[in-house]
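Based on the provided sequences and hints, a complete structural model is requested.
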Amino acid sequence: MSKLAVCVSVMLVLLVPLTESRPFKTCCTHYQENPIRIQLLKSYTFQDITKQCNIMAVIFRTVRNRLVCGNPDSDWVQRAMETVPDEGFGHHPHSK
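With mature numbering (1 follows the signal peptide of the UniProt record, and there is no 0) applied, the sequence shown covers -21 to -1, 1 to 75.
The hints are simulated quantities; they were obtained by calculation from the structure and are not laboratory data.
Be careful, since some hints might not be right.
As the list claims (entries may be wrong) - Label pairs and their in silico Cβ distance ranges:
hint, residue 1, residue 2, range
1, K30, E61, 16 to 22 Å
2, E12, V42, 18 to 24 Å
3, K30, Y10, 19 to 25 Å
4, R58, Q31, 15 to 21 Å
5, W55, K30, 24 to 30 Å
6, Q31, E61, 25 to 31 Å
7, T8, Q57, 20 to 26 Å
Backbone N, C-alpha and C define an ideal beta-carbon position, used for all residues, glycine too.
Have a look at this one:
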């Protein structure tokens, strides 16, 4: 029985670094429908559909560091993307 306890303890010690090394990713699950004033937006990046994130979105960071999810096909999102600097990812194939 003590051999089993040692094996379980070793496995737990080995698994802890694996769970801590994966960064938690925030996903947009719905879109902000009402337009946000461009003056309140600081930057943006893109969210593609993945196993964790089920919608494509433009993620805006506000001047207060709040994240706002926009529909890439929405007019207000397209206008904001023309003015607000992106976070270094350049032109996205889904933008107009």
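Hints versus structure:
1. K30 with E61: 16 to 22 Å: violated (31 Å)
2. E12 with V42: 18 to 24 Å: About 21 Å separates the Cβ atoms of E12 and V42, which means 18 to 24 Å holds.
3. K30 with Y10: 19 to 25 Å: Roughly 20 Å apart at Cβ, these two residues keep to the hinted range, so it holds.
4. R58 with Q31: 15 to 21 Å: With Cβ atoms ~28 Å apart, the hint is violated.
5. W55 with K30: 24 to 30 Å: holds (29 Å)
6. Q31 with E61: 25 to 31 Å: holds (29 Å)
7. T8 with Q57: 20 to 26 Å: Once the Cβ atoms are compared, 21 Å apart, the range 20 to 26 Å for Q57 and T8 holds.
Of the numbered hints stated above, those contradicted by the structure are hints 1 and 4, listed in ascending order.
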